[in-house]
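**Q** All chains should be built: construct the whole structure from the sequences, respecting the hints.
Listed here are the chains, written in short residue letters.
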Amino acid sequence: MRTYILRRLLGIIPTVLMITFVVFVMMRSVPGDPVVSLLGDAYTEEDAVRAREEYGLNKPIIVQYFIWLGKLVRGDWGASILTGRPVLQDVLIRLPVTLELIVLSMGVALLIAVPAAIIGALRQNTWADYTATSVAMIGVSIPEFFIGVLLLLLFSIGLGGLLPSSGWIYLPGTCPTVICGASLWGNAQHVLMPAIALGVGRAAILTRLLRASMLEVIRTEYVTTARAKGLAERPVIFKHALKNALIPTVTVMGLQIGFLIGGAIVVETLFAMPGLGTFGIDAIIARDYQQVQGFALLTALAFVVMNLLVDLTYTFLDPRIRYA
Amino acid sequence: MTKEDDGLVTKTISGGSVGEANLPSTVDVVVGARAKGSVSPFVEGVRRLRRSTTALIGAVIVGILLVVAIFADVLAPQSPIASDQKHMFERPSWDYPLGTDQLGRDMLSRVIHGTRISLLVGVSSVLLALFVGVPFGMIAGFYGGRVDTSIMRVMDLILAFPIYLLAIILMVIFTPTAGLIGTMKVTGAIAIVRIPIYARLVRGSVLSIKEKEYIEASRALGVRDPWILVRHVLPNCLAPIIVTTTLGIATSIIVEATLSFLGLGTQPPTPSWGWDLKANVSFIQANAWLALFPGLAIFVTVLGFNLFGDGLRDALDPRLK
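Which chain is which? The protein sequence lines are A and B, in order. For the first sequence, the positions run -19 to 304 when the working numbering is used. For the second sequence, the positions run 115 to 435 when the working numbering is used.
Keep in mind that the hints were calculated from the coordinates and are not lab data. Keep in mind that a hint or two might mislead.
[Unchecked claim] One-sided excerpt, in silico: chain A residues whose CB lies under 7 Å from chain B:
1) Ile(-1)
2) Val10
3) Ser121
4) Phe125
5) Thr279
A virtual CB, placed ideally from N, CA and C, is assigned to each residue, including glycine.
**A** This is how it looks when you write it as structure tokens:
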């Protein structure tokens, strides 16, 4: 097991290198470069040449990439060309916001999906099942930002400004600087709508998958055996059926991470949250190479690490699966 | 008539649903399910499809949307791009059933014309991905070896990306513009991220199909490879392709709307639902309904394709009967 994890961790390196390299090359093939926006109205050809030299933008792309990589190995993520701020510092300020959003939205998803799927599967073809499956069908068809808009209409406008429509108050302890406000209540108010907006879509997908695999599992012989030996319904459902039904679900949820990252970008944009999603999209549009690299690196890491975690979850869900 | 087996041959293709929001981890399809004297699997599938209420509702929604998209010029009461300073932020009325936006443009006409962009990008990006991905997947699966490795390496490279990161960067490279060219750029970006889904799906099917006796029989008869691929291999991996395509249109429409929402889709003045939604969110305090209609349009369209795709999957997968 330990060697397996170690091998997989080593396997992360080439994937991350590849993703960051492709992003590096792609960003530099985008028409225009950050120097143009850096100099703004004061743009002259000479200044531009000097600035490009200063930031090493005149070197061959492959050389630039290895310079970036070399610094990264020493813990230097580079500095933004436009603001001059160190990328690592910016990323660390924004990471807790996005992490909180994603963790809570997955919580929302599980909270809705697990009961809905169990009820749907146990009472197949009843009104409860039809309600669960219809709602899930609607859920997979609504993009996150439209759920966000509906929530805004309901809570920020409809109910007299019950919840704030934008901005952020940090969770106590995650506040990165001295000046930013942090309070538990304020944080809860700000994170509630984004987490629901991002979570509902996941909940719908999860419900559909989990219901389908629950239906398969409850017809297996080991569930019949468990019932036949007089086990109460609750342990049969939760310990025998649900755990096994979760295996295919976890796989697909792992594959959903790519969508979750996109969802975070959209939801953060809609609610004007200072998270990694808004950081990334702003950096890409402004062609701030160093910031984009930082964002790509973190996204790639999150992506591959999540995939590894998914694989490791299998051993917990199904002890027959062992990694050597 | 070499491709029919006697009984049911059920096989499982996994790994093809990476980008799919609503496909289970495995798609089960029945290949060559014709017993002696019974109807063809295609006819049987259509029969089942017609009995499915969900598929019917989905088909009706998609049908209506197609009509709206084709006859947008006739159906829209006004021009979707003509601004009218005297009628900004009109509430819904007889003259403006869905009101007007901040430039005084008729919202109903914009929503109607938005159908075009949404359907055009949704359908054509999936078809483009299909036409590139399927041949690559067939060649990789059929020939194996070095060809397989090199094709799938490229596909895995694309799959290694979180799809939105790739789509966003591609759109920045293509630089979003208005009109047909702008729409084609979005189509291209979405198609690129979707190609590997088809390649993987088809490769998986081909790997098992190529071991079948009817392929061996064709080979023994001296049939050339391209003919075998097109006549015998392709028809037998159509079912999962059709399902993935229908559900894929739904996903592509959401991706298009999302790119537009982020300002990276087809640019104004071309009407696009995602962009309209984003633009009108700024005025949500004063004019809530403006953001509502483009969002509803996206929702109904995606729902239509999802329902139809779901029904289609049930029809092509008799195990779920």
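**Q** Check the structure against each numbered hint from earlier and tell me which ones fail, lowest number first.
**A** none
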